[in-house]
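Chains as they are written, first to last, in this note's numbering: chain A, 1 to 228; chain B, 1 to 232; chain C, 1 to 222.
Please keep in mind that the hints were generated in silico from the structure rather than gathered at the bench.
Glycine included, C-beta positions come from ideal geometry on N, C-alpha and C.
There is no bait here: all hints are sound.
Computed spacing ranges between beta-carbons, pair by pair:
| no. | chain 1 | residue 1 | chain 2 | residue 2 | range |
| --- | --- | --- | --- | --- | --- |
| 1 | B | 119 | A | 67 | 49 to 59 Å |
| 2 | C | 41 | A | 67 | 47 to 57 Å |
| 3 | A | 14 | C | 192 | 47 to 57 Å |
| 4 | A | 10 | C | 11 | 55 to 65 Å |
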Amino acid sequence: MTKNIRLVLGALVGILLLRNLYVILFNLPDEMEQGPVYRIFYYHLPAFFAAILCYITALVASSMYLIKKNLRYDAIAMSATEVGLAFAAVNLITGMIWGRISWGIWWAWDARLTWALICWLVYFGYLMLRQAIDDPTERAKNSAVLSIFAFVSVAITYKAIEWWRTQHPGPVLSIRTGKQLIDPIMENMLYMNFLALATLAVLMVIIRLNQEEMQRQIDGLRRRAHAI
Amino acid sequence: MPEPVLAVDHVYKYFGDYPALHDVSFSLNGGECLALIGRNGAGKTTMLKILAGLSGAAQGEVRLFGDSPRQASARRRIGLLGHGIGVYDELTAIENLTIFAQLYGVSASVARHWLERTQLAHVANAPVREFSRGMRQRLAVARAFLHDPALLILDEPFTALDDRAIALLQGLLAEAKAAGRTIIMSTHQLREAMELATHVALIERGKLVHFGPRSAEMLADPTYVYRTFGAA
Amino acid sequence: MVFLQIAAKDLRSELRTKESLNASLSFAVVILLLFSFAFDPSSEAVAEFSGGLLWLVFAFAGALILNRSFARELPNDCLEVLIASPVSGAQLFLGKTVASFVLLLTIEVICLPIFGIFYDITWIPQALPLLGIFALGTWGMTILGTLFSALTVNLSLRELMLPMLLYPLMLPALMAAMRLTTILLAGNAIAGNDMVWLRLLIGFDIIFTALSLALVETILVR
Numbered sequence: 001m002t003k004n005i006r007l008v009l010g011a012l013v014g015i016l017l018l019r020n021l022y023v024i025l026f027n028l029p030d031e032m033e034q035g036p037v038y039r040i041f042y043y044h045l046p047a048f049f050a051a052i053l054c055y056i057t058a059l060v061a062s063s064m065y066l067i068k069k070n071l072r073y074d075a076i077a078m079s080a081t082e083v084g085l086a087f088a089a090v091n092l093i094t095g096m097i098w099g100r101i102s103w104g105i106w107w108a109w110d111a112r113l114t115w116a117l118i119c120w121l122v123y124f125g126y127l128m129l130r131q132a133i134d135d136p137t138e139r140a141k142n143s144a145v146l147s148i149f150a151f152v153s154v155a156i157t158y159k160a161i162e163w164w165r166t167q168h169p170g171p172v173l174s175i176r177t178g179k180q181l182i183d184p185i186m187e188n189m190l191y192m193n194f195l196a197l198a199t200l201a202v203l204m205v206i207i208r209l210n211q212e213e214m215q216r217q218i219d220g221l222r223r224r225a226h227a228i
Numbered sequence: 001m002p003e004p005v006l007a008v009d010h011v012y013k014y015f016g017d018y019p020a021l022h023d024v025s026f027s028l029n030g031g032e033c034l035a036l037i038g039r040n041g042a043g044k045t046t047m048l049k050i051l052a053g054l055s056g057a058a059q060g061e062v063r064l065f066g067d068s069p070r071q072a073s074a075r076r077r078i079g080l081l082g083h084g085i086g087v088y089d090e091l092t093a094i095e096n097l098t099i100f101a102q103l104y105g106v107s108a109s110v111a112r113h114w115l116e117r118t119q120l121a122h123v124a125n126a127p128v129r130e131f132s133r134g135m136r137q138r139l140a141v142a143r144a145f146l147h148d149p150a151l152l153i154l155d156e157p158f159t160a161l162d163d164r165a166i167a168l169l170q171g172l173l174a175e176a177k178a179a180g181r182t183i184i185m186s187t188h189q190l191r192e193a194m195e196l197a198t199h200v201a202l203i204e205r206g207k208l209v210h211f212g213p214r215s216a217e218m219l220a221d222p223t224y225v226y227r228t229f230g231a232a
Numbered sequence: 001m002v003f004l005q006i007a008a009k010d011l012r013s014e015l016r017t018k019e020s021l022n023a024s025l026s027f028a029v030v031i032l033l034l035f036s037f038a039f040d041p042s043s044e045a046v047a048e049f050s051g052g053l054l055w056l057v058f059a060f061a062g063a064l065i066l067n068r069s070f071a072r073e074l075p076n077d078c079l080e081v082l083i084a085s086p087v088s089g090a091q092l093f094l095g096k097t098v099a100s101f102v103l104l105l106t107i108e109v110i111c112l113p114i115f116g117i118f119y120d121i122t123w124i125p126q127a128l129p130l131l132g133i134f135a136l137g138t139w140g141m142t143i144l145g146t147l148f149s150a151l152t153v154n155l156s157l158r159e160l161m162l163p164m165l166l167y168p169l170m171l172p173a174l175m176a177a178m179r180l181t182t183i184l185l186a187g188n189a190i191a192g193n194d195m196v197w198l199r200l201l202i203g204f205d206i207i208f209t210a211l212s213l214a215l216v217e218t219i220l221v222r
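Using the sequences plus the hints, can you model the full thing?
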């Protein structure tokens, strides 16, 4: 059954992404100030939101694990975090490319970009912790606690960075341009691409989840075999 | 009928998918002494850790004095002697025992009393770092007994004890048993265990394959349990 | 209060050997020295990043102290015995946090005059408010750090994992402490817009103290 779901999702994602890409490249007009390069924004911002979606999923899954103690939730938390990291990386890299082409700098200590980097490091720490613990129950328990702490911390950091940046204004990566996208065609495309990327995220989480379940079963069998 | 001191009810414990304990059930009443035997890796230490409140059972229930092992009221009445001696090397003997007396809510004079009982009074103010191995073992015993626990949980207590420490421990355990305290100890030292035990349990690969009173055959030949109830 | 007994035990142990205290203090001074080469102490710009510099030193020194917190219970299986004792996980955790807090605050109070000398910064008029900010920032660091000390105690790469996990998560507290310290060291009072940092720091401390106390038992019991 899950195989069919994956196929359907995969097809949906493929269609959406291709269609969006076509529209982005050929149908949409150029933005007033920036020219064609701004189109990268259609991936930059939706990737950001897809990552947030993944992190929220990880938070909920981690909390559910601590309450229910079912390792399934732990697998979901891990998969969601990994996929979130992937999308966050897309967000960071597209941001860097955009900045380089538009303003000539690879990195701007822009509030949003800085926060994205911090988030990335925090959740990478989650993966590092998981790698360091062998026992599955211990790993699930401890990483669930870390996941909750991580979410609270990045939530607080978001506000803190904004205040920090207002006191040290620097080059701002035109997220402002995002706010001026009143043109409904452009706004619509943002939502469309978010839909595409979010669906891709779900697909990737499901695939990763299956991998994880299989790995768990193999580990269990190995332990059983060693005991004999 | 009074409630059993210790009740283990269909307990499972997993490491991942692997069952370290599989449907273990037994109970002990006050004044009884259980010898928990089994090969290395059978699950004895896992079971004892759950009883001591160090670990949680994945399934099933454990009740100590009618409470969960994590309740402070239960833990106050447990004396634990594990693999490590559980005292601080950089502190003196009297400092160590005073700390544990405080944590268990007994008066500090008990610390001094137990130093004397374990023949460590002459090194009361020396750091544990300087102690010989036998002295460290005796201090560990003092730590486990000083709050007069109603339930003693001992994980392979006779391993690596010198003769003085063995004699001390056996004496203390016999005394505790006579005073109606409950003892559960895992051990490979079958002879010492069979002398003290009122009940015997054999764990094999996480399953409790035998639980019952200590019989005359067991006392005569400690390996009787393995041969009769064990698988291989 | 049981947690005070635990704190006293930790402090007594530490003062007996002074291992991490000495290491931490020496490390702090060495870093202050190294920073004097990276950032010109005589420049005007020092006033802008004085707080940042100081808190970086505290963060690095803090990692050494915090690592020791639960690690000191590993020899002789003392951690097991403590968890099996009637002490609740929260009391054990709080006691250790208090002990680390006292040790780290002591190091900070020693570092401040050294910093003042190396970088020619007057701090004495602001000593009391500075101590307040040090206390608030250090509490944020130690409450998170002690939790991660418990989390990483059994890991082989403990010394690396603890700072790697701690630093990004304590960033809000660190930013607030840096900002507030810079303001105070420049001779100003904390007022107006800057109050938001004080509120952030206090809020951070409260939130993470509550969260840690709630979740620490889960970490300690296997």
